Structures are given as C-alpha cells and as structure tokens.
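Quick note, the sequences are listed as chains W and D, same order. At position 111 of the first sequence the residue is numbered 111 (this note's numbering), and the sequence of numbers has no breaks. Heads up, this note's numbering is the position in the second sequence plus 1000, with the first residue counted as 1.
To be clear, the hints were calculated from the coordinates, so they are not data collected in a lab. Watch out, some of these pointers could steer you wrong.
[What the hints assert, rightly or not] Here are the simulated BS3-like pairs of lysine-lysine, each with C-alpha atoms no more than 25 angstroms apart in a straight line:
no.: 1; chain 1: D; residue 1: 1004; chain 2: W; residue 2: 98
no.: 2; chain 1: D; residue 1: 1217; chain 2: W; residue 2: 98
no.: 3; chain 1: D; residue 1: 1100; chain 2: D; residue 2: 1004
no.: 4; chain 1: D; residue 1: 1126; chain 2: D; residue 2: 1100
no.: 5; chain 1: W; residue 1: 98; chain 2: D; residue 2: 1189
Source: prediction; values computed, not measured.
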Amino acid sequence: MYNPVDAQFQAKAMRAGTAAWALQRLSGLFLTAYLITHLIVIGTVVRGEGSFDSMLSKFESTPFLVLDAGLVGIVAFHGLNGARLILLDFAVGLRYQKALFWASYVIAVGVFAAMVVAARNLL
Amino acid sequence: MEAKLRVRRYDPSSDGLAQYQLYGVEMPESATVLDTLLATRERLDGSLAFRCACRSAICGSCAMRINGQSRLACKTKVIQASPHGRPVTLEPLASLPVLKDLVADMGPFYDKIRAVVPWLAADPAKRPPVREYLVDAGRSTKLSQFAACIQCGVCYSACPMVAADDRYLGPAALAKAYRFCHDPRDDAKAERLSRVAREHGLWRCHTIFSCQEWCPKGVNPTEAIQNLKKLTMLKRLGFIRE
Chain W
1 MYNPVDAQFQ AKAMRAGTAA WALQRLSGLF LTAYLITHLI VIGTVVRGEG
51 SFDSMLSKFE STPFLVLDAG LVGIVAFHGL NGARLILLDF AVGLRYQKAL
101 FWASYVIAVG VFAAMVVAAR NLL
Chain D
1001 MEAKLRVRRY DPSSDGLAQY QLYGVEMPES ATVLDTLLAT RERLDGSLAF
1051 RCACRSAICG SCAMRINGQS RLACKTKVIQ ASPHGRPVTL EPLASLPVLK
1101 DLVADMGPFY DKIRAVVPWL AADPAKRPPV REYLVDAGRS TKLSQFAACI
1151 QCGVCYSACP MVAADDRYLG PAALAKAYRF CHDPRDDAKA ERLSRVAREH
1201 GLWRCHTIFS CQEWCPKGVN PTEAIQNLKK LTMLKRLGFI RE
C-alpha cells in the first residue's frame, strides 16, 4: 500500500479547509496543555498562601503576559471555528466556509492584538 | 520547451523499492502533463506505465498526483504545473495500492462506491408509473452537480481522512449516496442511509474540503456529506419521518 506523508499537508496544497482543520486541532492541544498547567498552578493553593503567591509571581513577567494574550486569541479562534463547524455539520453556510474560516482567524488575531495592548497597559 | 518529468517508478516484479526517474522531452508550450507522458513513453521509455483514454477530462483515467496534488494529467499543463521549468513530480493516486509506476489499483475505490447502492432502487410493492417519471427542474439541477462525477478518484486521493482510515467510504461514494437519496424516483433511501451513517461513513468526514478543492468536474462532495449528516441527525431527532 503506497501511502506516503499526505500531500495535503505540503504548504503548496494547504487550502482554507485544511488550514482550519489543522489549526482547530493544534489550538485544541494548546488549550488542553493550558488547562493542565492551570490546574497545577491553582493546585499550589493547598500548600498555603505563600506557595500560591510565589507561583503566581512567576507568571507576571512579559513573556507570560504575551502568552496570556495568545491564550485569549486561541480561545477565540477555537470557539469561532467550532461554531463554524457546527454550522457546516447542519449544511449551513457551506458556500461560505472559507470566508467563515478567515473571519474566525482575523477576529482571533484582532483579539490577540487587543489583549497585547491591554497587557502593555498593565505593566 | 523542454518539459521535465520526475516520475515515481515502481515495478512489482522486481524486489526493489520505488524510485524517481527524470525525463526531459521537447514539447510545445501548450502541452499537458498527459501529452508529455505519452511523448516520453513513445520517444524515451516504453516501459513507463500510466492510464489514459479520452484525453479531454471526461473518462477520469489519467488521475494522478502532480507535484503532490491530485489532478487529471490531461487537464494540467506542464507550464502550469512548473512555471519555473523545474521537473514536474508525478506519483500515483494516494491511499490506493500501486500496480505499476503511475497505475493505482482502483478496486477499493470502486468497492466503496458499490457499497452505497449507487443506482435507483424501485420498491417492488409499488406500481410502476403509467407515464414517464418527471423530476422537477430545481431538484434536477441540484442533482446534476453530483451526477457529473466521473469517478476518477481525485477526491479519494486528496482526502486526508481516507489516508488515515482505509475503511472510510470516501467523498466519491458519499456524494453518490446523496445523489440517489435526493432523487425522488428512488425508494432505497433508508437502506442507503443506514449504510453510510456509520463510523467509517459520514461521521469520518471532518469538513476539510480537499475533495471539493481538487475535483476536476466541480463536484462538491463535502456539500453532499454535510447534507447527509443533516438528514441523518434530523431523522434521529425525530424531525423527519420516512
């Protein structure tokens, strides 16, 4: 059976549908990793107030604030593209699937940019 | 111009693995990939194996992967596939066993199409109509898109879900199922839906739209699959009785 690395994942063959499919899974993996990290961080509260505060202080640096902004952008994309997929599963908006993907993507990037600006004001 | 091809060669009678072979042949600028393959076989290498018949995108025989994309060789110009004069890479359709060089075994693809009852099935208990059975223009127009499928296998090869699950029916079979489920003359909708609304059927489609992107005849199998999903869900939720 000849089945090499699928050509669909070569950049030149990547179209909106494939990109949406891949990004939905990558963002899902990122959110799972975030959730696990979040539970670990929140879990330090059982070791007392000092332990919790010391853990939180590590996340107040600029790189982590940018990651927080990214998290909101990724949540926005995952949610909006998820809504797109629900519509498509009911055969609604099939002709506009590319526009719906690009709308999800642009809104998510916009949300990320807004969060970066907000984070800068916090620092 | 010199048309350059980089062809994946595989000979089942030899023990060797597949390898890529370069060819260069003088062709006019209007030459298609199929024209170039025919010239290569005629002038350079008679052992080169590929399928073709109509040369005008009607039969679907010459479907293959051109620079990684599933296409018809007769509908793709060399200059279009390789604007900078680089060799055009030719490989057989993906997700199907290879018989020799660019010839894929279409058996699994056809078996899956057969599995969805791809014909009009009349209920023997019903009396046949006394006059011709008219299909209204709106329904007919909607069906014509799916009836345009030439079963070339491009959608099957382009679908990442077929590559991931060799039991998945694939876009062509599901589009065929929708074409007959949507036909008012057909009486086997329930049987057909029960065959496709399964794990390795409808629900394996993840709306990637590759089938629609690459179909050389403008068929939109994803639209058919999503409509079948909708039909199945509405039936299971009790909104449709049939």
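Violations among the numbered hints: As far as the earlier hints go, 1, 4, 5 are violated by this structure, in ascending order.
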